[in-house]
Amino acid sequence: MSLTIREIAALTNATIFGDPNYEIQGVSSFDDAGPRDLTFAGDPVYLSKLDQTKAGAVLVPDSFDLDKQSSVILLASSNPKISFFKVVEHLYAKPPMAEFIHSSAVIDDNLTIGNGSRIDANVFIGKDVHIGAHVHIMPNAYVGDGSFIGDHTIIKPNVTLMDFTRLGKHVIVHSGAVIGSDGYGFAQDGQTHTKLIHTGHVEIGDHAEIGACNTIDRGTIGVTLIGNGVKTDNQVHIAHNVKIGDNSLVVAQVGIAGSTTIGKSVILAGKAGVSGHLTIGDGAIVGPYAGVSADLPPNEIVSGAPHMPHKTWLRVANIIPRLPELRKKLFSFEKRLKKIENITKDTE
Amino acid sequence: MSLTIREIAALTNATIFGDPNYEIQGVSSFDDAGPRDLTFAGDPVYLSKLDQTKAGAVLVPDSFDLDKQSSVILLASSNPKISFFKVVEHLYAKPPMAEFIHSSAVIDDNLTIGNGSRIDANVFIGKDVHIGAHVHIMPNAYVGDGSFIGDHTIIKPNVTLMDFTRLGKHVIVHSGAVIGSDGYGFAQDGQTHTKLIHTGHVEIGDHAEIGACNTIDRGTIGVTLIGNGVKTDNQVHIAHNVKIGDNSLVVAQVGIAGSTTIGKSVILAGKAGVSGHLTIGDGAIVGPYAGVSADLPPNEIVSGAPHMPHKTWLRVANIIPRLPELRKKLFSFEKRLKKIENITKDTE
Amino acid sequence: MSLTIREIAALTNATIFGDPNYEIQGVSSFDDAGPRDLTFAGDPVYLSKLDQTKAGAVLVPDSFDLDKQSSVILLASSNPKISFFKVVEHLYAKPPMAEFIHSSAVIDDNLTIGNGSRIDANVFIGKDVHIGAHVHIMPNAYVGDGSFIGDHTIIKPNVTLMDFTRLGKHVIVHSGAVIGSDGYGFAQDGQTHTKLIHTGHVEIGDHAEIGACNTIDRGTIGVTLIGNGVKTDNQVHIAHNVKIGDNSLVVAQVGIAGSTTIGKSVILAGKAGVSGHLTIGDGAIVGPYAGVSADLPPNEIVSGAPHMPHKTWLRVANIIPRLPELRKKLFSFEKRLKKIENITKDTE
Numbered sequence: 001m002s003l004t005i006r007e008i009a010a011l012t013n014a015t016i017f018g019d020p021n022y023e024i025q026g027v028s029s030f031d032d033a034g035p036r037d038l039t040f041a042g043d044p045v046y047l048s049k050l051d052q053t054k055a056g057a058v059l060v061p062d063s064f065d066l067d068k069q070s071s072v073i074l075l076a077s078s079n080p081k082i083s084f085f086k087v088v089e090h091l092y093a094k095p096p097m098a099e100f101i102h103s104s105a106v107i108d109d110n111l112t113i114g115n116g117s118r119i120d121a122n123v124f125i126g127k128d129v130h131i132g133a134h135v136h137i138m139p140n141a142y143v144g145d146g147s148f149i150g151d152h153t154i155i156k157p158n159v160t161l162m163d164f165t166r167l168g169k170h171v172i173v174h175s176g177a178v179i180g181s182d183g184y185g186f187a188q189d190g191q192t193h194t195k196l197i198h199t200g201h202v203e204i205g206d207h208a209e210i211g212a213c214n215t216i217d218r219g220t221i222g223v224t225l226i227g228n229g230v231k232t233d234n235q236v237h238i239a240h241n242v243k244i245g246d247n248s249l250v251v252a253q254v255g256i257a258g259s260t261t262i263g264k265s266v267i268l269a270g271k272a273g274v275s276g277h278l279t280i281g282d283g284a285i286v287g288p289y290a291g292v293s294a295d296l297p298p299n300e301i302v303s304g305a306p307h308m309p310h311k312t313w314l315r316v317a318n319i320i321p322r323l324p325e326l327r328k329k330l331f332s333f334e335k336r337l338k339k340i341e342n343i344t345k346d347t348e
Numbered sequence: 001m002s003l004t005i006r007e008i009a010a011l012t013n014a015t016i017f018g019d020p021n022y023e024i025q026g027v028s029s030f031d032d033a034g035p036r037d038l039t040f041a042g043d044p045v046y047l048s049k050l051d052q053t054k055a056g057a058v059l060v061p062d063s064f065d066l067d068k069q070s071s072v073i074l075l076a077s078s079n080p081k082i083s084f085f086k087v088v089e090h091l092y093a094k095p096p097m098a099e100f101i102h103s104s105a106v107i108d109d110n111l112t113i114g115n116g117s118r119i120d121a122n123v124f125i126g127k128d129v130h131i132g133a134h135v136h137i138m139p140n141a142y143v144g145d146g147s148f149i150g151d152h153t154i155i156k157p158n159v160t161l162m163d164f165t166r167l168g169k170h171v172i173v174h175s176g177a178v179i180g181s182d183g184y185g186f187a188q189d190g191q192t193h194t195k196l197i198h199t200g201h202v203e204i205g206d207h208a209e210i211g212a213c214n215t216i217d218r219g220t221i222g223v224t225l226i227g228n229g230v231k232t233d234n235q236v237h238i239a240h241n242v243k244i245g246d247n248s249l250v251v252a253q254v255g256i257a258g259s260t261t262i263g264k265s266v267i268l269a270g271k272a273g274v275s276g277h278l279t280i281g282d283g284a285i286v287g288p289y290a291g292v293s294a295d296l297p298p299n300e301i302v303s304g305a306p307h308m309p310h311k312t313w314l315r316v317a318n319i320i321p322r323l324p325e326l327r328k329k330l331f332s333f334e335k336r337l338k339k340i341e342n343i344t345k346d347t348e
Numbered sequence: 001m002s003l004t005i006r007e008i009a010a011l012t013n014a015t016i017f018g019d020p021n022y023e024i025q026g027v028s029s030f031d032d033a034g035p036r037d038l039t040f041a042g043d044p045v046y047l048s049k050l051d052q053t054k055a056g057a058v059l060v061p062d063s064f065d066l067d068k069q070s071s072v073i074l075l076a077s078s079n080p081k082i083s084f085f086k087v088v089e090h091l092y093a094k095p096p097m098a099e100f101i102h103s104s105a106v107i108d109d110n111l112t113i114g115n116g117s118r119i120d121a122n123v124f125i126g127k128d129v130h131i132g133a134h135v136h137i138m139p140n141a142y143v144g145d146g147s148f149i150g151d152h153t154i155i156k157p158n159v160t161l162m163d164f165t166r167l168g169k170h171v172i173v174h175s176g177a178v179i180g181s182d183g184y185g186f187a188q189d190g191q192t193h194t195k196l197i198h199t200g201h202v203e204i205g206d207h208a209e210i211g212a213c214n215t216i217d218r219g220t221i222g223v224t225l226i227g228n229g230v231k232t233d234n235q236v237h238i239a240h241n242v243k244i245g246d247n248s249l250v251v252a253q254v255g256i257a258g259s260t261t262i263g264k265s266v267i268l269a270g271k272a273g274v275s276g277h278l279t280i281g282d283g284a285i286v287g288p289y290a291g292v293s294a295d296l297p298p299n300e301i302v303s304g305a306p307h308m309p310h311k312t313w314l315r316v317a318n319i320i321p322r323l324p325e326l327r328k329k330l331f332s333f334e335k336r337l338k339k340i341e342n343i344t345k346d347t348e
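Residue numbers (my numbering), protein chains in the order written: chain A, 1 to 348; chain B, 1 to 348; chain C, 1 to 348.
For the record, the hints were derived by calculation from the structure and aren't laboratory data.
A quick note: this is a predicted structure, and the numbers were derived from the prediction, not measured.
One or more of the hints may lead you astray.
Note that identical chains are pooled: a pair holds if it fits in a single copy or bridges any two copies.
For lysine to aspartate or glutamate, the following EDC-like pairs were computed, each having C-alpha atoms within a straight-line distance of at most 16 angstroms [claimed, not checked]:
#, residue 1, residue 2
1, LYS328, ASP128
2, LYS169, ASP246
3, LYS94, ASP145
4, LYS94, GLU7
5, LYS264, ASP246
6, LYS329, ASP189
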């Protein structure tokens, strides 16, 4: 498959500087691109070395000074990165999925399924499940009783959806993810811990993407809720009755303890942890490795464990490795103080 | 299904304040409950707003002052939370499991299996496996050669039990968990790392519950041992030859390095890490994100990385965000000291 | 199966002190060994109590003073641990694997497969896959379209290899691992996050071992590369376009963010995190829980979050729990300073 520069410009609403009939056959990174590849220069670093790329064409920002001479074809667009991946989508387009249920799939009673959906080998579907249109359930996945899967959703191989899980439309669940497992809920009974039966479930909004090996527990009673457009990275843990607002980002290896509410458009950076029963305001940002143990107001930016304002953390992070020096200075002051005290004692 | 207040009282050994013939059809949280729901008020916060719930009945503690008038039916019990979940168990009782082996399950030679057990679709069972009575092995699980599974144990979908794993009775293993993988054991051989063959196995006691996507490695030689009643949350990592005592709690994303021994009734909070070859005493508590790098005596409570007594940590956690102020103060002292020294120099 | 001391000495190139005809039937740890077991004493602690073991024979280092009398048979070798595990390999040798494809495996078009390979039950193999010789793919694994698996590689149960994954020879992938999932790559589009199509793949070198429940994302464009002899522990997360050099060790629950390059023979200890777009030099060592947020030169040893030289960290870790004392001291100085200032004021 290939696209001319003219076709790419039309696709991405870009302005052409160079030969509109030149043919592009693939995409690559700025440094690895060859003469038939398209690449993009989002970063000023790359814009300054356009003469060094061997790419056939480069997507650059509208704001770039296009008077500069360039041996490579340039395509100016409002967002070169988004434009680039639009071209990727065209060049690497998958053939449309054919409606299909593999003979080795095991399907319990009372499945309703939309048009154009595909169920692959060794999949298990429980009873009373609803699968929308154009859904793809990949090999060795498990879909529990009473689950609901919206249109255009993709369940990757080896995913587990426990009973009564509800997924929206255009959701992607990556391999190894477990959705709807029992939460970590026990009642102390002397020395032993009595299991609480979890009657809740998990609900995930439209356009959400759940990373590989995530664990999202069902509500104890009630629901664990992942909003529309939420994207979780790999190995994220979300406990029972957590709510996450629309378009929030949860980066790899984050853990969110039970009953915490995360607002909309929040970012939790890699390895951060949030304690239970907290409220994190819309637009808040939590830095990597941070441990959040109190509510955060909207748009607050915090880092560190214990968490603190990010600006404070930047200064604290500078001081921590210097603690030995500071301690030494403090002890040197002691000597100096004693010396002075000895002198001034006489004057008292 | 429904229960009268009288039936609920009998079930939970509670005292009734209100109409014993009222019918309850479901359960819910305090805030979401409707007129045919039971809820519970374990927390003083909820006890103070009994007039606000729309629940049909509320389980309250024996100690609650029941002279107070209440429009809602009250049930006084010694542990409202445990009582509540006893009712849940009745209202949401699953039909008894029927003995069954799905035709797509692949079972190797020499299986022994007790009465009333169920093996679901696409399960693989190795050779020389023992499965007790009333065991449920859910779809797409793998049970390796020579494994032993005690009575009433549940293996959820997509679980992996490597060869010679031994599970007690009434164990629950959640989806995505891997039990009996090789430990991280190598011998340095020049620049390369020679794999050590792991001949050990994993043994898990009665009434243990293993969270989703846990990894529990087999002993290098000898056993990795999880005691009776131990509950692990999701994404817990337990390395080779670790021993965990009875009724300990291991919260989400905890990691325990090789050959460490954890006592009985220990609590390891979320994201904590314990280094290898340590001994953690009975009843010790390790705070969230803590990094434990030395033995802990029984009942010690620690937090922080490096770990320290929890009380110290509370003070340290308060000081860390104030380090910039303290540093400023320290530097201001320097100036003041110099000034004084200049004055006193003359008096020397 | 059993081996005489003479056979063990031949196998491990060891010198015998004791009866060469004595028969060994198993192996065990120093403390648990019985009269027909071989054990090893790598550590001086064990060498000092050779009279206490009930083992039949003990492997000791060449450097050990063998004039000392010993009731137990000793075998002196240059590396007792490696020698011990060589014996383990012989005593616990598995029968050679028979070529075999289980009837329940689902295999798409155009598989090429070498001699002596085995595909177990419920495995799914996509189209255009190459499987080398003596490869073992265990039950319920998924191998995506266009994947390449080198000779003698073992894929454990419930592993997911997404399309176009390339594994070298003698690789082991443990259960629950997900290789080739989409990276966490989005372009901000107003409030929402537009998914970037990931056209890259994962490539893993010879003799690498990938731990249980690892997640290794494919390159966005280009490759995520794991070098020869790299060993990852359980629950490791490796993001898109990361490169890891030969023979590096990545311990449990480590996370490596996107586009970071890790050198050769690097050690990342448990729970460490490395930010994106960094370069970690050959032979660097990162301590447990450390958070690395800048490039590291070769052979640098760092710890802490923020990371710092390990030697600094050892001092810092000592000071952090003493911060309350230091703060108290600092405030006491304030009083002393004021007092002196009051005195010296008069002398000004």
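Each hint, compared with the structure:
| no. | hint | verdict |
| --- | --- | --- |
| 1 | LYS328 / ASP128 | neither (70 angstroms within a copy, 66 angstroms between copies) |
| 2 | LYS169 / ASP246 | within (14 angstroms within a copy, 42 angstroms between copies) |
| 3 | LYS94 / ASP145 | between (31 angstroms within a copy, 13 angstroms between copies) |
| 4 | LYS94 / GLU7 | neither (19 angstroms within a copy, 59 angstroms between copies) |
| 5 | LYS264 / ASP246 | within (5 angstroms within a copy, 41 angstroms between copies) |
| 6 | LYS329 / ASP189 | neither (53 angstroms within a copy, 46 angstroms between copies) |
Violated hints, in rising order: 1, 4 and 6; the structure is consistent with all others.
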